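S.K.: Each protein sequence line maps, in turn, to chains Z and R.
Just so you know, my numbering puts 209 at position 209 of the first sequence, and the rest follows in order with no gaps.
Count along the second sequence starting at 1, add 318, and that's the number in my numbering.
Some hints here could point you the wrong way.
[Claimed, not checked] Chain Z is nowhere near these chain R residues, computed Cβ spacing over 10 Å in every case:
#1 S417
#2 G469
#3 T500
#4 Y501
#5 K512
#6 K648
#7 E732
[Claimed, not checked] Have a look at the derived ranges for each label pair, beta carbon to beta carbon:
#8 T765(R) with Y32(Z): 26 to 36 Å
#9 P82(Z) with T765(R): 51 to 61 Å
#10 Q62(Z) with D467(R): 36 to 46 Å
#11 P135(Z) with G564(R): 55 to 65 Å
#12 P135(Z) with T750(R): 50 to 60 Å
#13 K742(R) with Y75(Z): 29 to 39 Å
#14 P135(Z) with D467(R): 46 to 56 Å
Just so you know, these hints were derived from the structure itself, not from any lab.
Quantities reported herein were computed from a predicted structural model and do not represent experimental measurements.
From the three backbone atoms N, C-alpha and C, an ideal C-beta is built for every residue, glycine too.
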Amino acid sequence: MATSSLPAAKPAGATRVRRASASKRRQTTAAYLFVLPFFVVFATMLVIPLGYAGYLSVFKSQLIGGLSFIGLDNYLRAFTDPEFLGGIGRMVIFLLVQVPIMLGIALGLALALDSGRAHGSKALRLLYFVPYAVPGVVATLMWGYLYGPDFGPISQLFRAVGLDAPNLLDSQSILGSTMNIVTWEFVGYNMIILYAALRSIPAELYEAAAIDGASQYRIAWSIKIPAIRPAIMLTVIFSIIGTFQLFNEPSLLDAIAPTAITNGFTPNYYAYNIAFVNQDVNYAAAVAFLLGALIAIISYVVQLGTQRSERKQRKAAR
Amino acid sequence: MKKAPRTAMKLVGSAAVAALLLTGCSSSPGGTTAKETTSQDQIDKALTTPTKLTFWTWVPGIEKEVALFEKKYPAIDVTVENVGQGLPHYQKIRTALQSKDGAPDVVQMEYQYLPSFTVTNSLLDLSAYGAKGVAGDYVDWVWNQVSTDKGVWAYPQDVGPMGNLYRSDILTKAGVTSAPKTYEEYATAAKKVKDATGSTISNLATNDPAQVVGLLWQAGVKPFGYDGDKTVSINVNSPEAKKVLGYWQDLIQKDLVSTDADFNDQFYQGLAGGKYAGWLTAAWAPIFLQGTVADTAGKWTAAPMPQWDATKNVSGNWGGSADAVLSTTKNPIAAEELAKFINHDQESTTMLATQQSLFPAAKNVLGSPTFTDAKSDFFGGQTVNKLFADISNTVDKKFEWLPFTDYAYSQFNEIVGTSIGEKKDLSTALDTWQDVLVKYAKDQGFTVK
């Protein structure tokens, strides 16, 4: 702008730059020092094991004959492995059925609590959250007992009213039984996330809506849910990851329902069985890598999809 | 800020290199087989030199027997660790062996897992330390379990010769007053029991290969074989095996035998509630029942197994374990002496039988009147120990295992166990199991005979 002030400003500017760069350098060093502990842990606990798993996955190890390099054969094998694909298929069903149910309930509860109409909402909030505080292992053991076909309370209840008790642990119903356990465990957790997001919506919006004569349902549908969309997305992504990583539940239910839980019931459980029962660490590493890639892809696709629809919405609003 | 990603990349890069370097040097199998026999002087010296040993076992209270050893050899300090039972135990041993660090000296090991560890040269050949000299002190079939023509791999601790435990009160109600002698009688009795009381005469577990293998063992079936080197034989679908499972399939399909998974709550409740009128089980079961279904005390009776051939008296084995020494141990002599002492010293073996309630493999207990004459109130005053000691002498002497029992058993559960539970054709299941095992064996580089 003012060209005449340039010469005068130059030296001052230069020293400022020099001083700034010195302090900047110090800041950068400090920043690196601050992130160093993280990177050390990140490298030793994640990157190195990951690299090692990747390394393992391109070998084949035999009890007789030892180790040999086989390139991507383990990956190709996984693509035609009916047990692995079956596990993935099962998890896709799980994702499509259980996740909407769980998040639907969680959202409903969060909205109900947030509406302030329920009495003792603090106590209820805690109550809904309690199952999440129960360790997954304990929850599965507990439900396993409830499901028991001979002496489980559910079966006894059925028999008490003269009905045939359904076998909740046979191969047809085990997926549903697992969904039920997972839903019970995680509704409260997701509810808390959504509830916290709901609490951060500015109250003015409600006032404005009330002046416009909007009903509570209308407010929930048009204000609350759109406002907490990021939180909902967060729970969706968490649920996708959680679904594909299901392990505790099948591994514990295996003791009481060994015929229903196959070695490849969930992909994660399958990887474990390959590594520690079949002692094929190499193939297990390949399966684990594929599983990780699959989770990343699905999560990314879901996120991309919502971003696009958000953009579309914003455009429409304009 | 632009620098950060590059540094991160460098970190990642060097980490990956480190990973490769780390793994580059970890695939040679560790194995030492001392061929020349150790002299008494060497043994004495090793036992008087201060030494630390680690012993991985799941046997509760075995510290007592270890204390006897430490009392006799004060220089040796033994740490007893329980790292889990069953699969987790073996997994941890394998992990420790592979990492070349932290492996124990002595380990508890079930008989069917010994070849899975000799195949990787992970067990110390105890014959170099005079193990063959004590062969006669154990029941012969048990000694066959721990030794091959290539060496001695463990000292036997406890065994599970199979017998028939039944609720005499339920059987009497059904008009069955004595234990069925043959499988034919057993099937008839099963029908009577079911009709009169609704109970099943036994349970064939869907998740317990060891039980079914024990039944095959009794019938003289040899489903597995391993020459200790590269050749395995797999015959799980032989006509004899199909005959045994065909028999059970018939009882299962007629609802005369239940097919619950064993050793879970459901199963315990079934035992307590009289769902099962009996159980074809092993020598460890009397004590197990005493602890699990104490309320039914006095109602049980023990008998030998029903027979396939009325003129014979044979049994199989289900369970039991031995103590082996890992080949990676730095103190082979002391470790070997510990494994031997616990399972050979009279005081120790007696204590194992009376306090840890293990059914003994050592003759010095099996032949001792204090053990065999003990009357069990739980079994209405029967001398159950005597009965099973006699049964132990009737167990078929030669029975081998595959060097990949984990896989064989896991696939049993997947294939045969599932078919048992779903009342399907077990002959087909055995064929599938055979195919899967042969494929795996070939995949692992074995020659299948």
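S.K.: Check each numbered hint against the structure and report the violated ones by number, ascending.
M.R.: The structure breaks hints 7, 8, 9, 10, 11, 12; every other hint is satisfied.
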